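Asks: Just need the whole structure built from these sequences, with the hints factored in.
So the sequence lines, in the order shown, correspond to chains A and B.
Throughout, my numbering is defined as the position within the first sequence, counted from one, plus 638.
Throughout, my numbering is defined as the position within the second sequence, counted from one, plus 50.
Please keep in mind that the hints were generated in silico from the structure rather than gathered at the bench.
Fair warning: there could be bad hints in the mix.
Label-pair ranges, simulated between beta-carbon atoms [claimed, not checked]:
(1) B:Glu136 x A:Gln850: 41 to 51 Å
(2) A:Ser744 x B:Leu130: 36 to 46 Å
(3) A:Lys749 x B:Ala101: 51 to 61 Å
(4) A:Pro745 x B:Glu104: 30 to 40 Å
(5) A:Arg800 x B:Leu145: 51 to 61 Å
(6) A:Pro745 x B:Ser102: 46 to 56 Å
(7) A:Gln878 x B:Gln143: 19 to 29 Å
(8) B:Asp137 x A:Arg796: 44 to 54 Å
(9) A:Gly724 x B:Ile99: 31 to 41 Å
(10) B:Gln143 x A:Lys849: 41 to 51 Å
(11) A:Gly724 x B:Asn127: 27 to 37 Å
(12) B:Gln115 x A:Ala804: 19 to 29 Å
(13) B:Lys126 x A:Arg796: 33 to 43 Å
Some chain B residues well away from chain A (every beta-carbon gap over 12 Å; in silico) [claimed, not checked]:
(14) Ser52
(15) Pro54
(16) Asn55
(17) Leu131
(18) Leu139
(19) Ser144
What you are looking at is a predicted structure, and each value in this text was computed from that prediction instead of being measured.
Using N, Cα and C, we set each Cβ at its ideal position, and we do this for glycine too.
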Amino acid sequence: MAFRNIMRKSSVMGFGPFAAWKRDCADTDPFVLLQDSFARHGMAYANLVSALARGTENWMESCFPAGFSRADHEAHETLLLLGHTGWIGELNRLLSILVTKQNDISPWIMKRVNENERLSCGSLAASALWDGCRMWAVVLCRLLFRLNTRLQKIGQERELGRQGFAVSLITLQQLQELLMNARRLLLQHHIIHNTLFQDAKNQLPLIKELKQLEKAWGSSTFCGERERNAVLLQIGQLEQWLHAVQPPLGSQCPHVEQPASVQEPWLNKEIFGKKQKKD
Amino acid sequence: MSLPNVPDINPLITLTREKVFHLLLASVAMEEMSMSHILNAEGEKIQKILASDEVSLEDLLRVNQSVERIMRTMMKNQMLLLCKLEDILSLEQSLGFQEHHEEE
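Replies: Here it is as structure tokens:
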């Protein structure tokens with residue numbers, strides 16, 4: 639009530655922008671409004687990422703038909719596109735700021751609203767973001783796989799190979815950071831296993847694409863062994879992280895499919911295959 | 051040459067510190083909401099341009115450039131907003147509005 643009175647007074651006395659806004663929000667606690675605005679940000683990020691994923695997939699389907707007749711041209715185009723998706727790095731920073739802000743207001747939110755109110759808008763946004771990020775992850779893995787096969791087809795062209803290595807490593811690192819930020823937001827809204835979106839089942843396409851990418855990089859000859867191992871290590875870290883965030887206990891979430899096994903040790907077989915066999 | 055006139059604003063209102071605190075928080079929320087609208091518009095723009103079956107590389111690159119520009123501007127603004135929010139929250143902690151609110 640006190641807050642509504644302030645808004646009423648302020649609009650009369652010339653706090654311009656508040657006047658139009660007070661009709662809808664004057665009765666709401668400012669912390670709840672903040673929470674709502676953060677949720678809207680999360681949803682906007684989710685829309686951005688999923689739109690990028692869908693657009694890139696459409697482009698891949700229309701521009702990369704079967705066969706490798708234009709391998710060098712396609713590799714150039716893919717490198718160009720991946721170079722322009724650098725805003726995922728900016729998105730990562732925005733997401734970490736969002737997580738910090740959400741964290742800052744959490745103590746106040748916990749005291750002022752009940753559990754259901756707290757979870758309603760924020761949890762939907764966090765789930766949508768996590769879903770959008772995974773969609774982008776699948777498309778990116780396909781794109782990197784195609785880049786790898788085209789570079790492999792071109793052969794020992796050092797400059798393109800070096801670019802392909804750098805772009806692959808950087809985008810995979812950005813992807814892991816993106817998934818981790820999206821996961822942090824999920825955790826802040828207490829949806830650890832994201833049962834609403836059937837987490838484990840949705841993760842399978844991403845793991846499958848990662849395996850395919852890992853296999854392709856394992857047999858790559860267009861770059862040096864150290865570069866190849868660096869990319870394989872990054873893929874392995876991402877795989878391990880994804881395994882770690884899958885629901886751990888079937889009894890707690892009976893409707894979510896339990897993963898068959900978790901790879902131990904997590905490092906790629908391509909690098910440490912012999913060591914694994916000895917063990 | 052004449053100078054622009056600034057009206058003599060003398061608001062006859064009394065605001066307590068707690069009310070000012072609420073207004074400051076509301077201003078952050080409003081700014082956040084308006085920025086989320088801009089971001090959402092950018093997402094809708096991508097959807098519109100890239101929804102067709104025949105997407106060219108030029109379209110994709112142009113859209114990505116536009117998003118990158120918006121993201122960079124947004125990031126700078128978000129950092130300032132984060133600082134503002136932290137300052138406002140520390141104001142509440144130092145003045146103890148929380149206890150006052152609970153007493154009410």
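Asks: When the structure is checked against the list of hints, which entries are broken? Sort them ascending.
Replies: 2, 3, 4, 7, 9, 11, 17 and 18
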